[in-house]
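Asks: Chain by chain, the residues:
There are 2 protein chains.
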Amino acid sequence: MSDVLRFIDDNLGRFRSELYDFLRIPSISAKAEHDGDTRAAAEWFSARAEEAGLEATIHDTPGHPIVVAEWRDAGPEAPTVLIYGHYDVQPPEPLELWTSPPFEPTERDGRIYARGSADDKGQLYMHVKALEAHFATGSTLPINVVVLAEGEEEVGSPNLVPFVEEHAELLSCDVVLISDTGMYAEGLPSLLFSLRGLAYFEIHVHGAVSDLHSGEYGGAVTNPGNAISQIIASLHDAEGRVAIPGFYDEVVDWDVETRRQIAELPHSDEAFARELGVAALTGEDGYSTLERLWIRPTCDVCGILCGYTGEGAKTVLPNHAMAKISFRLVPDQNPDHVRALLEAHVEAIKPNGVTVEVRELHGGRPWKASLLGPIFEAAADALEEAFGTKPVPMGGGGSIPIVVEFEERLDATALLVGFSLPGCNLHAPDEWLPIDNYEKGIGALAMLYEKLGTA
Amino acid sequence: MSDVLRFIDDNLGRFRSELYDFLRIPSISAKAEHDGDTRAAAEWFSARAEEAGLEATIHDTPGHPIVVAEWRDAGPEAPTVLIYGHYDVQPPEPLELWTSPPFEPTERDGRIYARGSADDKGQLYMHVKALEAHFATGSTLPINVVVLAEGEEEVGSPNLVPFVEEHAELLSCDVVLISDTGMYAEGLPSLLFSLRGLAYFEIHVHGAVSDLHSGEYGGAVTNPGNAISQIIASLHDAEGRVAIPGFYDEVVDWDVETRRQIAELPHSDEAFARELGVAALTGEDGYSTLERLWIRPTCDVCGILCGYTGEGAKTVLPNHAMAKISFRLVPDQNPDHVRALLEAHVEAIKPNGVTVEVRELHGGRPWKASLLGPIFEAAADALEEAFGTKPVPMGGGGSIPIVVEFEERLDATALLVGFSLPGCNLHAPDEWLPIDNYEKGIGALAMLYEKLGTA
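Protein chains in written order, with numbering that gives the first Met the number 0: chain A, 0 to 454; chain B, 0 to 454.
No wet-lab data here; the hints were simulated from the structure.
What you are looking at is a predicted structure, and each value in this text was computed from that prediction instead of being measured.
Hints should not be assumed to be uniformly reliable.
One copy or two, it doesn't matter: identical chains are merged, so the pair holds either way.
27 Å max Cα-Cα, derived DSS-like pairs, lysine-lysine [stated by the list, open to error]:
#1 Lys313 - Lys389
#2 Lys313 - Lys367
#3 Lys367 - Lys389
#4 Lys313 - Lys30
#5 Lys450 - Lys389
#6 Lys349 - Lys367
#7 Lys367 - Lys450
#8 Lys30 - Lys389
Please model the entire structure based on the sequences and the hints provided.
Replies: Written as structure tokens, this is what we have:
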């Protein structure tokens, strides 16, 4: 391995400069006017994968293309690792809040600032460079590798599951390796043991045929704004639990060992609250903050719109109210089941005189790993060697719905090893990735491939 | 009186056509670009009052001018009637919902369609024409008359109370006569016995320093969208009562006689619900629909804004939520007291981890009349003679805060006699006034002046 690591060390400057070319392409998948840029990013990535020593193909989809780059010289007896990532990025708006332009990578304070640096171009490209280091130094990599880079992650991956279904043989693998998450803290490499699922709804409350004068009609009809508030308030009880009957029926109690490991992580509620600017942290009774974030489900308003919201005192009794509500789910909750429970609950508690409609906008199942066995041991060893300290286990509060789909459809183990840091402004202005993590991470991944050969 | 009524009858065509000139002036007080039009309406009204036989003065204010037109030939021993109305109108938007242009008066189905036809140019101008009929026929009007027409009613009359204070002698009177309301039903003249007061607030809930990712932070902080829903839901109990402690302490029980009269009015809950397009009417237990609208206080959401309200599933945990809440008040509730009660309630029930701020936007006290005594008898007689049927007593759900100010500051009796009809689209597209009511109303007012001389 020393040749490989020396190669990486000798080429760090070039690895950064290549990444900056990748980050300069505004591959914003949500915006049709950037469709050309998104395709350009796919082509750029495919060409760099070829140069590194993989065989790359660009697959068209009804949306943005999927790049698949293969190296199968380890032979049919060797394990195969599918590396998944995405080359598309979130829109950069609001632009005025960026310190340096989102698509002009800029180094400040040991960080690479650019849209996509952390999510996910930077982390995806680390894999290409780690593979290049093996191929360029003639190391005998003990695993076959398939890199799958999609261009629609930021718009809900609508074409990915169909692609996986259609290309099950091409994508057949033992491990799905994903670097699209972060480390628990600076200098503390981490292994992810969970991701929450998502169930996202709009609730619409409809009242009279039109908006009414609040003086002429107020008191005699149900106000949709009051009604939607009543419905939202009914979603929690006084102990911070979600109060929809049946909501916890499928929640699996987390194992004692994981809860013990969570409790051992360095964490200060006081510092966390101060960082967020709130006087107190709140949540479900009986769980710590990290447990509330990682292993317990939630229900959050994402938006409410009703009636007159401009300046001044318009005395209107609105005839419509809308709320966007997202639930984060934990094993074995299922978004379809949550939808049915929510619909039944809303129908049961809704006040007379209004109609209520629940629309599902998005759903994804939760994921959970044991972090036991040779695959996770390999990852732990590689991270410890690269960062000089044992990785900690951590949960993920967010959702990457494709993870559980990969596991089930490809019958493989998902391994999530990420290198961004808390506060790295994912989906926000001034997104960044630590230069140190980019560079150490390439070494860690190169070692991880090696170790997965015998895992 | 027969000369006066014959004059009115002979001049109805001209009275309509003059009104249409008034209605053509887009005197939209809320819009600075119409300041010239608003002044033009004051000047037009002042000139017509002079032509009718009054002595008119335009008083400048820090906002739009106030026109005062006097006729005091009845002498110092005769009673003085102050006629109050307003020459400004609501903005006409949305324009595309008007069948004919808002400032081009159009007759259809026996109605005058135009912005301001009902509220209030049409009703204000009826007084000028009723007075003209007296002066033109040499009738010896037994009352002194002061017409006060303001141009800021639709923006909360910010300069009216200061003007009344400053000109207390000029405005000194025995009766304040206002035609800015409606009749209970077609062909059924009405005397108003109440107006509800208003207390209008914005409630702001503030959470973290910025919007948060609902996955990374959801479950550990209080969501301002959930919090504001909880606060709004807490404003009512299960019986439809306002649940703010102390809210009903100052509510005076209505007299049995008025409640009996309300119960006798022709009213169908079924028809009312059908007209509004709702499956059921709702409200405070123990009160009929008309009582809920007229003699009981309410709490209604007028608007809510929180987080992301565009298309699709943005998984944001917002750091701010805002609700506009209006209370309609009944005697002897007071907006200042309601503010204090609301603030105390919100502070007591607000969840941890957020701050809550209550801003008062608008307030006005309720008004109540007994409908007993010679002044109301005079009005009842005049209406019966003009419309051929005894007037019914009715309450007003809306608010005209100046009424109680006039009563108290001028030590006068307020008499509210209006001629619009339910469904006349006040503040909405296709506002209308029945031609029949415009014409019969002028006769009714002419007779009323006569009768008030001996009341």
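Asks: So, for every hint listed, does it hold in this structure?
Replies: The hints, checked one at a time:
no.	hint	result
1	Lys313 - Lys389	neither (60 Å within a copy, 36 Å between copies)
2	Lys313 - Lys367	between (50 Å within a copy, 24 Å between copies)
3	Lys367 - Lys389	within (21 Å within a copy, 78 Å between copies)
4	Lys313 - Lys30	between (36 Å within a copy, 15 Å between copies)
5	Lys450 - Lys389	within (16 Å within a copy, 98 Å between copies)
6	Lys349 - Lys367	neither (35 Å within a copy, 35 Å between copies)
7	Lys367 - Lys450	within (23 Å within a copy, 86 Å between copies)
8	Lys30 - Lys389	neither (41 Å within a copy, 67 Å between copies)
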